[in-house]
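Participant: Read off the chains here:
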Amino acid sequence: MRGYGLRALQAQVRAGPMLFLLAVLGVALGVAAVLSIQILNQNALGAFAGSVEAVSGGAALSVVGSGPELPEQILPRVLAERGVQAAVPLYRIDVALPPALPDRREGTLEVVGTDVFAPARSAWRLSPADLGAPLRTPGWVAVSPSLASEMGWKLGDGFEVSSGSRRVRLTVGALIDFQRTSPLASRRLAVMDLAQVQALLGAPGRLQQIDVFVRADAQVAELTGRLQDRLGPGFRLVTPEQRSAEAGGLLAAFRLNLTALSLVSLLVGVFLVYASVQAALLRRREELGVRRSLGATRRPVLTVILEEASLLGVLGTSLGIPLGILAARANAGSVSGTLRNLYLLEAIERIELSPWLVALAAGAGLAGAAAGALLPALDVSRQDPRALLAGHALQESARRRAGRLAVAGWGLLVGVSLAALTVWRGRPASGFAVAAAVLAAVALSSGWLLQAAGRHWKPRRLSLAYGARALASRPQTAAVAVGALATATSMLAAITIMVGSFRETVEVWLGQTLRADVYVTTPSWRQARSEARLSPEVMELLARQPGVRVVDRQRQFFGYSKERRISIAGFDARLPEAGTRVALMAGDPSRAPEALLRGAVLVSEPLARKAHLRVGDALPIDTPAGEASFPVAGVYHDYGGDSGGVLMDLEVLAVRFGPDQPNNAALYLAAGVDAEATVDRLRAALSGHALVIRSNQRLRQQALEIFDQTFAVTRLLQGMALLIALSGVTLALLVLARDRAAELALHRALGATRGQVFGMFLGQGLTMALDGIVLGAAGGVGLALALVFLVNRDTFGWTIDLHWPLWTLLGEAAAILAAATLAGVYPALRASRSPALELSRDAL
Amino acid sequence: MQASPKPLSDPREVAREADPRHSFPSMDSILTFRNVSKAYPTAGSAPREVLRDVSAEVGGGRAVAVVGRSGSGKSTLLHLAAGIDQPSAGEVELLGRSLGGLSDRERTLARRESVGLVFQFFHLLPQLPVIENVLLPAVIAGDRRALAEQRALALLERVELGGRADDLAEKLSGGEMQRVAICRALLRRPRLLLADEPTGNLDEQSGERVMELLLRLARDEGSALVYVTHSRELAARADETWRLHDGRLELA
Chain A
1 MRGYGLRALQ
11 AQVRAGPMLF
21 LLAVLGVALG
31 VAAVLSIQIL
41 NQNALGAFAG
51 SVEAVSGGAA
61 LSVVGSGPEL
71 PEQILPRVLA
81 ERGVQAAVPL
91 YRIDVALPPA
101 LPDRREGTLE
111 VVGTDVFAPA
121 RSAWRLSPAD
131 LGAPLRTPGW
141 VAVSPSLASE
151 MGWKLGDGFE
161 VSSGSRRVRL
171 TVGALIDFQR
181 TSPLASRRLA
191 VMDLAQVQAL
201 LGAPGRLQQI
211 DVFVRADAQV
221 AELTGRLQDR
231 LGPGFRLVTP
241 EQRSAEAGGL
251 LAAFRLNLTA
261 LSLVSLLVGV
271 FLVYASVQAA
281 LLRRREELGV
291 RRSLGATRRP
301 VLTVILEEAS
311 LLGVLGTSLG
321 IPLGILAARA
331 NAGSVSGTLR
341 NLYLLEAIER
351 IELSPWLVAL
361 AAGAGLAGAA
371 AGALLPALDV
381 SRQDPRALLA
391 GHALQESARR
401 RAGRLAVAGW
411 GLLVGVSLAA
421 LTVWRGRPAS
431 GFAVAAAVLA
441 AVALSSGWLL
451 QAAGRHWKPR
461 RLSLAYGARA
471 LASRPQTAAV
481 AVGALATATS
491 MLAAITIMVG
501 SFRETVEVWL
511 GQTLRADVYV
521 TTPSWRQARS
531 EARLSPEVME
541 LLARQPGVRV
551 VDRQRQFFGY
561 SKERRISIAG
571 FDARLPEAGT
581 RVALMAGDPS
591 RAPEALLRGA
601 VLVSEPLARK
611 AHLRVGDALP
621 IDTPAGEASF
631 PVAGVYHDYG
641 GDSGGVLMDL
651 EVLAVRFGPD
661 QPNNAALYLA
671 AGVDAEATVD
681 RLRAALSGHA
691 LVIRSNQRLR
701 QQALEIFDQT
711 FAVTRLLQGM
721 ALLIALSGVT
731 LALLVLARDR
741 AAELALHRAL
751 GATRGQVFGM
761 FLGQGLTMAL
771 DGIVLGAAGG
781 VGLALALVFL
791 VNRDTFGWTI
801 DLHWPLWTLL
811 GEAAAILAAA
821 TLAGVYPALR
831 ASRSPALELS
841 RDAL
Chain B
1001 MQASPKPLSD
1011 PREVAREADP
1021 RHSFPSMDSI
1031 LTFRNVSKAY
1041 PTAGSAPREV
1051 LRDVSAEVGG
1061 GRAVAVVGRS
1071 GSGKSTLLHL
1081 AAGIDQPSAG
1091 EVELLGRSLG
1101 GLSDRERTLA
1111 RRESVGLVFQ
1121 FFHLLPQLPV
1131 IENVLLPAVI
1141 AGDRRALAEQ
1151 RALALLERVE
1161 LGGRADDLAE
1171 KLSGGEMQRV
1181 AICRALLRRP
1191 RLLLADEPTG
1201 NLDEQSGERV
1211 MELLLRLARD
1221 EGSALVYVTH
1231 SRELAARADE
1241 TWRLHDGRLE
1251 LA
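Line order of the protein sequences matches chains A and B.
For the first sequence, the numbering used here begins at 1 and goes up steadily by one.
For the second sequence, the numbering used here begins at 1001 and goes up steadily by one.
Treat the hints with caution; some may be incorrect.
Stated by the list, open to error - Quick list of the computed label-pair ranges, beta carbon to beta carbon:
#, chain 1, residue 1, chain 2, residue 2, range
1, B, D1167, A, T821, 32 to 40 Å
2, A, H456, B, R1216, 34 to 42 Å
3, A, T821, B, R1097, 35 to 43 Å
4, B, D1166, A, W804, 37 to 45 Å
5, A, G411, B, D1166, 31 to 39 Å
6, B, R1189, A, A815, 57 to 65 Å
7, B, R1189, A, H456, 25 to 33 Å
8, B, H1230, A, L822, 44 to 52 Å
9, A, L829, B, E1057, 54 to 62 Å
10, A, G411, B, Q1086, 55 to 63 Å
11, A, A815, B, E1057, 30 to 38 Å
None of these hints come from the bench; they were simulated from the model.
Each residue gets a CB set at the ideal place from its N, CA and C atoms; glycine is no exception.
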């Protein structure tokens, strides 16, 4: 049977190499889209934990604080607990690194401070000659050889970093390949002695976590309970699995969205397999009809078709896997940017490919090919021999079925939409269900639209209308291609509408919330957050600058509310400007500052939605003194991330979580003082400190640049889906050119010139594109509504105001038309060369 | 060569021309074969010669039957006459103009303007209505639809299919399909009508009727008719018969 499958495949390749290649390409691009996103998702999670694992070697348990840090005095208490074999204190901090070359962007160094003599189970060790150097040499740091090579560092070289507003000089003390220990460790990982990190970069006497190694004879669960009792409230004990789950939860919405988009690409690829298998079956209908007439049952026919599809799937998957790896490598940078911006995660610097991901991609490719083949195979195997022998009977049944399919698709959409608005309301899955139903309705309507568009034409010449009518009479393959194009166009239009709406919303939000004239932060703020401190000296200098009327301070760190990781930020609620600092969507803006001063909090929309919070509710938050309850005074729009956060008064924050330096400052200038001139003046006055000083306008601009970067991967997925869909147009026209060879020959015999046949085929490509765009526009609007009002609201917790970027959408439609026309050139050329002599006894 | 489309004149003219009482046979030469040979390349051996040194002429309004055994070159002769294929040697002249020196486009336009084709297997577009099938040559030529439609309906009336103009072609019987194909071939008043075994796929009674119609309409329209047939009876109805034997033409 295998031999037969191979022979059949060879025959298929010989009969139409381009058709076959396009079907393989469809599977390959679909597999590549899925695999690349899964690789990036997987590696994004890996980057989260990789570096700490490289340093402490995989402890069974970690102790972390309820606030931003924890005091190092608890270390002896941890070590004293029975069952603890070793405890490794860690201080992890991101510091800013000047660019290696003048034209490069500023980088970061992920510094982990540890007790280099602690009996950690890490695979790396300092050479005996180096022992002692980490303590003796000020600023001693071990870096990876690859980073040293990139930066041009040698052992003993000094370089400058900045932590918050502090500038610190470090010295390359050792070169250690941390990625050998933990493959997902950042290449930009640097290890220092704990005391030096605390003194030079962080806060003396403070730790970020203590990694605990458990004795072989101790039970982790039991030890966790005992340690929690010993340490009391204000400390959390987490296992690596809990940390992974937390990181997974943090990224869940982001990963789900990308996965859903990549599956659309695979779906469009499945359409191509469908079209290709259908074309092959139609070509062989007579043979199949004869077989059935001579007594062959349906099953062997089905088996042979599925075998061929499997081989197609194997080829597509084999090509798709390397393509997916390449796509993942090419897009690691933009995904890293999103992870850094939205989730403060480490950059993905090395792509690891796990065997199960390859298996997943192979499974997706094979299943996609089988699914694409199964429907036409079942359809043909169900036909009676008479219908198989008379080709037009198959077309007739396809024409009859088209209306029923459209009704089923739209019925499904109405049903799912009603469910999403009623019984599934608020469930994150409901948005995706509606989105899937929109795509199903769009794809299932393609045959009906082709017929409706062509049915009533009475063309006067071989024109677009003639092409439309010809397509209407043979809807089978064209409908699949139009379905694929409509699906990809829906996705393109929906994301354009969603991103356009989101951008408008964010611009309005920035306008509402960025009220200060000048913003001061530090180069390491974007990654380090609470550890990026503005020194008291800087704060004082800022307040003394001429023209500065008010200095608002801000602190931020990550804490927990009932196991939910949230951002906790504080600002000065006593300032008159406090009332306009956030855009409240619930609560009284005039009373909010007063409530904050009394200990209330404002919660961000994502948190309010996910934790079902309303004004007047109480929000429990873990503090160093244990869980405390904070009344909710308002809900504010927040598009800076989807994990949720709270805002409180700075003094309340200091009381609850301990005092610390602010991380950012916002300056309100006196009337008539020029912001840009003040920025220049501040930069000159504070040049000795590591600071990022921007005017309001510049900050808004940069926020929007970050926004645009966030959707770079989405654009890639849109592009891949469109590429597959346009291949579908070429494939469908090639199928038409071949299946209609006799009809074309008739046209030529009756006096149609080659140019006319060429134009007619281009017209058919254009008709398919127009039908795809019409359906795609309808689907795009439906999908955009689902994304804006269901997916973004229920999954990310963001309210987005709908905007219609009409010009962009029109531009995209024009580009699709142009691309579809180009996609039709080759088949049109092939068709125009069809000689009149091709007229055979085959039915037209 | 850019042949100007033959205008379909006003409705009165359409009616007059569709009327079987009007016929304008002409004795001018419509189709001429001069020492025409045709050989097809074969894999690994000498080319297969299908036609050898054929010379013949068809005058306006004349009907010629081409007979011969299967594979004797009958269909090839028709293909050469229509400019669908080109001779290996010799010359084919259509309306006094050699097809040999013309480009593909020029030959196509010459065929469009002067030749009507009827095939053994009808070659209708099954998913289109009858009227649209008849109108196909006018659509290809870009003729004015209203006039073309009048002419098509008039022709369908003459073949007794006026009531089925809106039916799908796939719903017709074989004989009906061939009658529609004849209407299609005559729509643009070709000077030369070529029919390749027009009754070959029909039963005897339907074949008789179709041949009758074809001869009558060709005569009425003033078109020269060259048809291929295996039937002695049908061949006997022609003004002259060409017999092809081993690629050579014998005038009967």
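Participant: Each hint needs a verdict: does it hold in this structure or not?
Facilitator: Structure-based check of each hint:
Between D1167 of chain B and T821 of chain A the CB atoms are about 35 Å apart, so this pair conforms to the stated range of 32 to 40 Å. At about 36 Å, the CB distance of H456 of chain A to R1216 of chain B agrees with the hint of 34 to 42 Å. At roughly 37 Å, the beta-carbon separation of T821 of chain A and R1097 of chain B lies within the given 35 to 43 Å, and the hint holds. Judged by the Cβ atoms, the range 37 to 45 Å given for D1166 of chain B and W804 of chain A holds: they are separated by roughly 44 Å.
Judged by the Cβ atoms, the range 31 to 39 Å given for G411 of chain A and D1166 of chain B holds: they are separated by roughly 32 Å. Taking 57 to 65 Å as the suggested C-beta distance range, the pair R1189 of chain B and A815 of chain A does not conform, at roughly 47 Å. A hinted range of 25 to 33 Å for the beta carbons of R1189 of chain B and H456 of chain A is consistent with their spacing of about 29 Å. Checking the proposed 44 to 52 Å range against H1230 of chain B and L822 of chain A shows it holds: the Cβ atoms sit about 49 Å from each other.
Roughly 39 Å separates the CB atoms of L829 of chain A and E1057 of chain B, a value that falls outside the hinted 54 to 62 Å. Distance hint check: the CB atoms of G411 of chain A and Q1086 of chain B are about 58 Å apart, consistent with the given range 55 to 63 Å. In this structure the supplied range 30 to 38 Å is violated for A815 of chain A paired with E1057 of chain B, their Cβ-Cβ distance being about 58 Å.
Violated hints for the displayed structure, listed by number in ascending order: 6, 9, 11.
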